[in-house]
Every structure is written in structure tokens, then in C-alpha cells.
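As given, the protein sequences belong to chains F and P, one line each in that order. Every letter in the first sequence is one number past the one before it in our numbering, and letter 5, counting from 1, is 5. Every letter in the second sequence is one number past the one before it in our numbering, and letter 116, counting from 1, is 226.
Simulated from the structure, these hints should not be mistaken for lab results. It should be emphasised that the depicted structure is a prediction, and the values quoted were computed from it without experimental measurement. For each residue, glycine too, the CB sits at the ideal point set by N, CA and C. A portion of the hints provided could be inaccurate.
Unchecked claim - EDC-like, lysine to aspartate or glutamate: derived pairs with alpha carbons at most 20 Å apart:
#1 P/K152 with P/D182
#2 F/K40 with P/E155
#3 F/K40 with F/D71
#4 P/K152 with F/E17
#5 F/K40 with F/D83
#6 F/K110 with F/E1
#7 F/K40 with F/E82
#8 F/K40 with F/E17
#9 P/K140 with P/D193
#10 F/K40 with F/E108
#11 P/K174 with F/E108
#12 F/K106 with P/D182
Claimed, not checked - These stretches of chain F come out as covered by chain P in the derived footprint (C-beta under 8 Å, 3 or more residues):
#13 59-66
#14 92-104
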Amino acid sequence: ELVLTQSPGTLSLSPGERATLSCRASQSVTSSYLAWYHQKPGQAPRLLIYGASYRATGIPDRFSGSGSGTDFTLTISRLEPEDFAVYYCQYYGGYSPPLTFGGGTKVEIK
Amino acid sequence: VQVLQSGGGLIQPGGSLRLSCAASGFPFTKYVMNWVRQTPGKGLEWISSITGTSGSTFYADSVKGRFTISRDNSMNTLYLQMDSLRAEDTAVYYCASSPDTIFGAVMPSWGQGTPVTVSS
Chain F
1 ELVLTQSPGT
11 LSLSPGERAT
21 LSCRASQSVT
31 SSYLAWYHQK
41 PGQAPRLLIY
51 GASYRATGIP
61 DRFSGSGSGT
71 DFTLTISRLE
81 PEDFAVYYCQ
91 YYGGYSPPLT
101 FGGGTKVEIK
Chain P
111 VQVLQSGGGL
121 IQPGGSLRLS
131 CAASGFPFTK
141 YVMNWVRQTP
151 GKGLEWISSI
161 TGTSGSTFYA
171 DSVKGRFTIS
181 RDNSMNTLYL
191 QMDSLRAEDT
201 AVYYCASSPD
211 TIFGAVMPSW
221 GQGTPVTVSS
């Protein structure tokens, strides 16, 4: 069964800094089915990136996704105050269960 | 696109509960609908999905045989019947829509979440 491992567990940064989040798959996956979400306290997750690198509707261009095979990255070029949240990667391919989420990376204000 | 959840609450171990999710603003039958839960302080766990017209269902091993997903396309509503509830089922449950007719698609729209607490 696929496992997605996110690192680091917590990232402490200041507004304006660059954030680089990692999502590593336990086996090679199709990048077309790799997504990123963020979640603020008390809110539902929000889709940021799908297909590894495509921004969802309304997502600002400071968010970018990349990667292939087993290693994927979410980059936030300059952190805004509203970007401090927990970020999850998800693999949604394979046409059979389960749909797998990573354990999350918390981006907190330094 | 909007999904509005209802149901949930406090239930004793071994009890049953039904969650509902009313959808609007999109062609409901053309979307796969999903349930995802989040245990306190933990991450996200996909638990079940159902396709639009054929109604094919999919479950995580953790809930298979205890939970039943269903949908009423005439009412644009998704359901999750939860039986034989356990303490470890305590979580916030989210419904989420996937703009595809087959299992395994991204989830752009989520409900507000509904808390379920299993405790005596």
C-alpha cells in the first residue's frame, strides 16, 4: 500500500520567506494524480495544486508544485500571513482504494 | 459548488449514526462523492467514495463492513451510515466532491465538516 511521507513535520518561517515542503511516495507514482491541500484551524482543507503542478482555481501564483516519481515539492515563493497552515499531499490515482494522504507539514510563524 | 453537511454528534460505542451532505451548484450525478475524516490533532484519512450514476462504492479497510456510503441523486444528497461505532471513529467527518465519473479524482470542494464523538 502506498505511503506518502511529508517533511519536515513543522516549518518555522517568517512572512516573506520561501517555503519548500516535501512529499515522498513509498513507490513511484504518476505525477498526474498528486495534489496538495492546505488547512487552517477550524476549516476544511482547500485544494491548492493538482496533477503535481497545476494550480487550482483562485490559487495565487506564489504557490507552485513540482516533482515526479517518488519525490514531490510544494513551494510557496513568499509567505503571506494567510499561508500559515497545515499542508497535505494526496495521491488520487490508481482507480482503486485507498486514496492516500500524507501526514502533513505545519508551516508556522517564526 | 457548495456542499452542506448535517448529522453527527455524541454517540455511545456500538451505536449508529447517519451523516448527510447536501450538494448544489454542480451536476451531482457527474461527480464522485467522498467522505474523509480527521481525528483530533491528526491528519486526513479517506474513508469512502461513491460514483455518480453507477453508484459503485469504495471503502477504507478501517470502516469496511461497518460504514455504508450512499447517495440520492434526486435529492443531490450524499449519506454515510455509520454502524458499530468505536472510540477510534471519533473525528471530524468531511464530505468532498470530485469532478469525475470514476473513482480516484482530486477533491476541489469540501463541506464544512461535522464532528462525531464516540464515547460512553
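Here's how the hints hold up against the structure:
| no. | hint | in the structure |
| --- | --- | --- |
| 1 | P/K152 with P/D182 | violated (31 Å) |
| 2 | F/K40 with P/E155 | holds (17 Å) |
| 3 | F/K40 with F/D71 | violated (25 Å) |
| 4 | P/K152 with F/E17 | violated (26 Å) |
| 5 | F/K40 with F/D83 | holds (9 Å) |
| 6 | F/K110 with F/E1 | violated (36 Å) |
| 7 | F/K40 with F/E82 | holds (9 Å) |
| 8 | F/K40 with F/E17 | holds (19 Å) |
| 9 | P/K140 with P/D193 | violated (28 Å) |
| 10 | F/K40 with F/E108 | holds (11 Å) |
| 11 | P/K174 with F/E108 | violated (36 Å) |
| 12 | F/K106 with P/D182 | violated (37 Å) |
| 13 | 59-66 | violated (count 0) |
| 14 | 92-104 | holds (count 13) |
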